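Sequence lines, in order, name chains A and B.
Count along the first sequence starting at 1, add 136, and that's the number in my numbering.
Count along the second sequence starting at 1, add 58, and that's the number in my numbering.
Be aware that a few hints might be false.
[Claimed, not checked] So the derived label-pair ranges between C-beta atoms look like this:
| id | chain 1 | residue 1 | chain 2 | residue 2 | range |
| --- | --- | --- | --- | --- | --- |
| 1 | A | ARG344 | B | ASP90 | 27 to 37 Å |
| 2 | B | ASP81 | A | LEU341 | 50 to 60 Å |
| 3 | A | VAL488 | B | VAL93 | 49 to 59 Å |
| 4 | B | GLY238 | A | PHE316 | 50 to 60 Å |
| 5 | B | GLY238 | A | ASN352 | 41 to 51 Å |
| 6 | B | GLU308 | A | ARG405 | 36 to 46 Å |
| 7 | A | THR440 | B | HIS247 | 51 to 61 Å |
| 8 | B | ASP98 | A | ARG405 | 55 to 65 Å |
| 9 | B | ARG258 | A | ALA329 | 46 to 56 Å |
| 10 | A | ARG405 | B | ALA325 | 32 to 42 Å |
| 11 | A | GLY509 | B | MET179 | 33 to 43 Å |
| 12 | B | GLY141 | A | SER402 | 56 to 66 Å |
In case anyone wonders, no lab produced these hints; they're calculated from the structure.
These numbers were taken from a predicted model, which means no experiment stands behind them.
Glycine is no exception: its CB is placed at the ideal position from the N, C-alpha and C atoms.
The primary structure of each chain is shown beneath.
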Amino acid sequence: MMHLRPSWQALLAILAAVAALIMLPAAGGAAAMSGSGFALSAIALLLAGALVTSLRLRPMVSAVALFVAAHGTAWMLITGIAGGEGTAGAAYFLMLIAAWLLAWQLVTVLSGMRPASTFSNYGIRLIVPALFGIWILILWEAIVRGAGVPFILLPPPSAIGARLVNSIPILAADVNQTIFKAVLAGYVMGCGAGFAAAVLADRFLFLRRGLLPIGNMVSALPIIGIAPIMVMWFGFDWQSKAAVVVVMTFFPMLVNTVAGLAASGSMERDLMRTYASSYWQTLLKLRLPAAAPFIFNALKINSTLALIGAIVAEFFGTPVVGMGFRISTEVGRMNVDMVWAEIAVAALAGSVFYGAIALAERAVTFWHPSIRGG
Amino acid sequence: MNAPASTVMPASQEAPAVVEAADLSLTFQTNDGPVHALADVDLAIGKGEFVSFIGPSGCGKTTFLRVIADLEQPTAGSISVNGMSPSEARQSRAYGYVFQAAALYPWRTIERNVALPLEIMGLSKTEQRERVARTLELVNLTGFEKKFPWQLSGGMQQRASIARALAFDADLLLMDEPFGALDEIVRDHLNEQLLELWARTEKTICFVTHSIPEAVYLSTKIVVMSPRPGRVTDVIESTLPRERPLDIRESSEFLKIAHRVREGLRAGHSYDD
Numbered sequence: 137m138m139h140l141r142p143s144w145q146a147l148l149a150i151l152a153a154v155a156a157l158i159m160l161p162a163a164g165g166a167a168a169m170s171g172s173g174f175a176l177s178a179i180a181l182l183l184a185g186a187l188v189t190s191l192r193l194r195p196m197v198s199a200v201a202l203f204v205a206a207h208g209t210a211w212m213l214i215t216g217i218a219g220g221e222g223t224a225g226a227a228y229f230l231m232l233i234a235a236w237l238l239a240w241q242l243v244t245v246l247s248g249m250r251p252a253s254t255f256s257n258y259g260i261r262l263i264v265p266a267l268f269g270i271w272i273l274i275l276w277e278a279i280v281r282g283a284g285v286p287f288i289l290l291p292p293p294s295a296i297g298a299r300l301v302n303s304i305p306i307l308a309a310d311v312n313q314t315i316f317k318a319v320l321a322g323y324v325m326g327c328g329a330g331f332a333a334a335v336l337a338d339r340f341l342f343l344r345r346g347l348l349p350i351g352n353m354v355s356a357l358p359i360i361g362i363a364p365i366m367v368m369w370f371g372f373d374w375q376s377k378a379a380v381v382v383v384m385t386f387f388p389m390l391v392n393t394v395a396g397l398a399a400s401g402s403m404e405r406d407l408m409r410t411y412a413s414s415y416w417q418t419l420l421k422l423r424l425p426a427a428a429p430f431i432f433n434a435l436k437i438n439s440t441l442a443l444i445g446a447i448v449a450e451f452f453g454t455p456v457v458g459m460g461f462r463i464s465t466e467v468g469r470m471n472v473d474m475v476w477a478e479i480a481v482a483a484l485a486g487s488v489f490y491g492a493i494a495l496a497e498r499a500v501t502f503w504h505p506s507i508r509g510g
Numbered sequence: 059m060n061a062p063a064s065t066v067m068p069a070s071q072e073a074p075a076v077v078e079a080a081d082l083s084l085t086f087q088t089n090d091g092p093v094h095a096l097a098d099v100d101l102a103i104g105k106g107e108f109v110s111f112i113g114p115s116g117c118g119k120t121t122f123l124r125v126i127a128d129l130e131q132p133t134a135g136s137i138s139v140n141g142m143s144p145s146e147a148r149q150s151r152a153y154g155y156v157f158q159a160a161a162l163y164p165w166r167t168i169e170r171n172v173a174l175p176l177e178i179m180g181l182s183k184t185e186q187r188e189r190v191a192r193t194l195e196l197v198n199l200t201g202f203e204k205k206f207p208w209q210l211s212g213g214m215q216q217r218a219s220i221a222r223a224l225a226f227d228a229d230l231l232l233m234d235e236p237f238g239a240l241d242e243i244v245r246d247h248l249n250e251q252l253l254e255l256w257a258r259t260e261k262t263i264c265f266v267t268h269s270i271p272e273a274v275y276l277s278t279k280i281v282v283m284s285p286r287p288g289r290v291t292d293v294i295e296s297t298l299p300r301e302r303p304l305d306i307r308e309s310s311e312f313l314k315i316a317h318r319v320r321e322g323l324r325a326g327h328s329y330d331d
């Protein structure tokens, strides 16, 4: 006879499932008609999953059972509540908690796995954060619909997703206007100018003494204040947004590059001196490579700053396209799902932007202890 | 310090002097008042010699090496390197310098680290490749060209930095405690290799060290220095043969020289610290 050694997550999940069984039905209204059916099979699935994992089989078997039980239950809850939004009872939420506990156990099992091949290792490193993200969406969807949270306060992710898919042409035009025109142009100009200013400030002492404090002041300028002024200077189209991005990204790049240029060791610089190396040779062959980790820090900070700057700047006058324009007008029209769709697109674009820079950083500063690991 | 080199009397007549210092002084101005790093140093180093500088911390041995290399400016006296001022000697790439740490650039492979001075001097790619291969062979690092510095042991890194100093074929090699951070066994091994290299290349070597056995084993001339102010207390011409197996360190001759070095260090040491 096999021993049952349940984890505390599995044990709590079993308790929650049994309690849910006692407190049926899970929902009232139209969902109550088919309600007992989905609730009973969900409870059965939960118990089966919890029991299989408690048998302490091989981790792979455990993981598959937990995956099926947790996500099957979540699926049944979300489809089962359709038509009965806002009528969910205690049983519904107990089952949701049980499913979430099994998903927790699943992530624990997956994190503990030590696969031999690097490929599956990489797979697990992707799956675990993906499960975390998926469960944020599942809980959001199930709670919003189960508890009947008003659409205007928080629409369920499914509605946001549907709106996103239906509005792809509009969203694409907004992304093109805000990201491919304003953000990219402003980012390239701002970072480029910051870098050039840093090299000049390094070369000429009077610039370092004079420019850095001024740059400090520019970085403290409130974006809300400069955005309308930039609109007056550069017009309503993307150029004024790019100008805001330039102002926002210039200073982080300047400060980081100046710090990076001072980062090379005195021994390394003495070495260059013994070779009678010129200023520019030392800059290119020693000080800029040594500054690369600092410069990439600035590029990463600026990637998010640029996106925020361009979106906020669009609140202050813009042609009828752009992510910031869309957010401000759709909020006024109570189309919250469109606002969320725009936010999702901005988050995705920002992550891709950041990820691309992080990959470039790994390729360029592969030698730095923070990347090669020790 | 701007006195022409010809006014400095060479101390050893048999070989042309590579480095000649006369009444050389260097005072650092610090917040705690002036520090006399070097005071009235007179020294001549002949071509092909292996000169060790030994003494306690703060005796100015590293400072003297840095003055030769034009990394520090003397405040009084004169010094010439290859008959030129140190600045001119540096501009004409008269010496290779090996620091206390390897100071290899981590973003360059060993091969490209060794090629660094050659790149700065603007040598052709083929010339660079040929010289890198030759100097890496000289320090027994053939086969590690494509490795990055952080993939090698400390001893191998220091050998690569010696290769870098040798790559452009300067006649003078300045070494500032190059093996100070390495363990005894690696150090013995590198000392042996360094002597071999010196015999093969016939370079003039100035070598700063803390270790009496290292100084006696390697040198043809040992310069004993004392601190506050940094000055030369004794110059010992070694009587050991140029051919030196490691076990020469147990010979009575070796021990006699080591004893004299120790006496010199003791005499120069002010026991107030």
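Verification of the supplied hints:
1. A/ARG344 / B/ASP90: 27 to 37 Å: holds (28 Å)
2. B/ASP81 / A/LEU341: 50 to 60 Å: Because 35 Å falls outside the window, the suggested range is violated.
3. A/VAL488 / B/VAL93: 49 to 59 Å: Given about 57 Å between the Cβ atoms, the range holds.
4. B/GLY238 / A/PHE316: 50 to 60 Å: Since B/GLY238 and A/PHE316 have Cβ atoms about 56 Å apart, the given range 50 to 60 Å holds.
5. B/GLY238 / A/ASN352: 41 to 51 Å: holds (42 Å)
6. B/GLU308 / A/ARG405: 36 to 46 Å: Taking Cβ atoms as reference, B/GLU308 and A/ARG405 lie about 43 Å apart, which means the hint holds.
7. A/THR440 / B/HIS247: 51 to 61 Å: Check passed, 52 Å falls within 51 to 61 Å.
8. B/ASP98 / A/ARG405: 55 to 65 Å: At 30 Å between Cβs, range violated.
9. B/ARG258 / A/ALA329: 46 to 56 Å: This hint holds: roughly 54 Å between Cβ atoms.
10. A/ARG405 / B/ALA325: 32 to 42 Å: holds (38 Å)
11. A/GLY509 / B/MET179: 33 to 43 Å: Given a distance of about 35 Å, which is inside 33 to 43 Å, the answer is holds.
12. B/GLY141 / A/SER402: 56 to 66 Å: violated (29 Å)
Consistency with the previously given hints fails for numbers 2, 8, 12, ordered from lowest to highest.
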